[in-house]
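Student: Modelling step: build the complete structure from the supplied sequences, incorporating the hints.
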Amino acid sequence: MTGFDQLLGGFAIALSWKGLLYCFIGCLWGTIVGVLPGLGPLAGMTLLLPLTFGLDPAIGIIMLTGIFYGAMYGGSTTSILVRIPGEAASVVTCIDGYEMARQGRAGPALMIAAVGSFIGGTVSIVGLMLIAPPLAKVMIAIGPSVEVVLILLALSVISVVSAGSRVKTVLMVALGLLLGSIGLDNLTGVARFTFGYTSMAGGLSFTSLAIGLFGISEILINLEKTETIKAIRPKFKDLMPRSKDLRDSAPAIGRASAIGFIFGVIPGVSHVVSTFVSYAVEKRFSAHPEEFGHGAIAGVAGPETANNAVTGTAMIPLLALGIPSIPATAILLSALTIHGVQPGPLLLTDHPEVFWSLVASMYIGNVILLILNLPLVGIFVNLLRIPYAWLVPIILIISIIGVYSVNFSVADIWIMAISGGVGYILRKFGYEMAGLLLAFVLGDRLEASFRLALTMSGGSYATFADHASIIVLASVLGLLFAVQALAWLFGYRKSVADETEGA
Amino acid sequence: MRSDFETPSGVGTGAGQSLLRAVSARRGGICVAGALAATGLLFAWQASLIDFGDFALPGPGFFPLALAVSVVLLSVVIGVEDWLGAGHQGTIELGHRDVLIVLAALLAVPPLFEPLGAYLTLGLFGATLLVLIARCSLLVAGLSAIIAMVACWYFFQVALGLQLPIGAILDGLGM
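Chains as they are written, first to last, in this note's numbering: chain E, -10 to 492; chain X, 2 to 176.
For the record, the hints were derived by calculation from the structure and aren't laboratory data.
Some clues are possibly wrong.
A few chain X residues facing chain E, derived, Cβ under 10 Å [what the hints assert, rightly or not]:
id: 1; residue: Ala26
id: 2; residue: Phe44
id: 3; residue: Asp52
id: 4; residue: Arg136
Everything numeric in this text was worked out from a predicted model, so none of it was measured.
Glycine included, C-beta positions come from ideal geometry on N, C-alpha and C.
Tutor: In structure tokens:
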């Protein structure tokens, strides 16, 4: 069966009534959580994760992925109309997007953001389709030692690209790995840190931890905010951009597609970093850099294209290597595992229908989002009328039912509540949660591969520096330094710090 | 284009409703680092009770012990940084009234979830938050909670087939 036949098979699943329905639900919910401040793709995905348990794995993943890129689309709406980023990747869009809205040009800004998102998203899906299958074939041949090197590097890159303190990020990674070791040891069956509770034998529930650390802590932080939302609502007839807007945006969209595509494979906060880099690149390339910050359309087109171009490429490490690069793909990893599907090199041979239906659904989802986001923008903006105090109980009740339904265990509600409180405190003091969650997910595999590699090599640590490992190490290190140089060059860390202070 | 509406994004807008306390970022940072170090020490102690193996063939205690020690060391580094003033400057506000209410309500859910049943517990949880955070009247909060729970029952139990604990009270009523 050729790749093209498999893609057609994927389209058959994605275009079935169930595939379309759940793709639509995912895109709609994703747009809603992207629009609502305080609810990002991660909270949106974790909240609906339990709903996928009764579904076919391919359909469940189609819905969750729809939430992921739907949130990226939705985030731009609040950035442009309200100057509040619906999620972190839309922070940069606020700068010129809101300025355009103030000048009465919200329509073109939204239109260009949607078109850029569509193009960026589509480019990255093509990349996913072309790169993941051959990469998976290569990965089948590698051993546990290379897997150890890859996972360690993925976790190292998170600390390098983090906007906050590196020591704190490394600490969060170590804590995530430590929390991941709770439960029965995979190789010997010895109970670790269970403190005599049988409910802890399976380890901490990923869903509870993710909802607590990201969803609940975000809600608690938002409860403290007191500013008033001033929304600008555009009319549908005002959406069409001028020809000058199109001329200014087209090259920005092209460059940002490439930037997002490259940054998508970098672990950590690639969707956020790519927007900052894209904005800086557009400013450098612009004939009128002085317009940036005062309503330059390229300042909207670039970042919005870049953050959507990340979505497809962020799937490559997950689907081809089984290593999630950002927290949102960690949720997908967890969902696939719950469904009995192991992401990684064998996914394409054992469950090709999951991979290809996901690829097909992303094409369809991009079209759905374009249709959803432009004519219905007024409706989505109206969501901001709902007082946050009314949303909080609704979100929390769904979260509680969600975490309980994973294992039907009250212990999971405890974990969610406690990790919500802990996450709130840690975030107030500048600790980032992304590293902790990714490390938690990867901890089991890192330890198992580490011990297996040593057993296979008779206890020789030289196994971690064999030929294949060195090639991987050198390539990723090169990439790491390139990212660091770019981030430094374009002042990403400073921009984030400024943004945090200003928030 | 027109500015159509204004809505408070957060809820702590009322004067006198907030119990915010400004905590020195430096002292708070040291306390958080201390708590993390203590957590690391607890894990390190527990990990030391598990078979360590040796460096060539690590046992189940090797990885957790190494990580727990790393957590302790990194926490100490952060604590020292904060102590020397290299970390946070200024103050951090903690103890917002609504945050404390939500946390307390969340922690009250697990012990009641099975004895009272999911719907009754979550109905009470929702009504409490609506009264205390959204400042609704008891009647509005109660009615909203009932409607929300009926919707939850229909969606989760009828549509999705998810069996949530019914609790002794509703069970006694034959529901």
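Student: Give me the numbers of the hints this structure contradicts, sorted from smallest to largest.
Tutor: none
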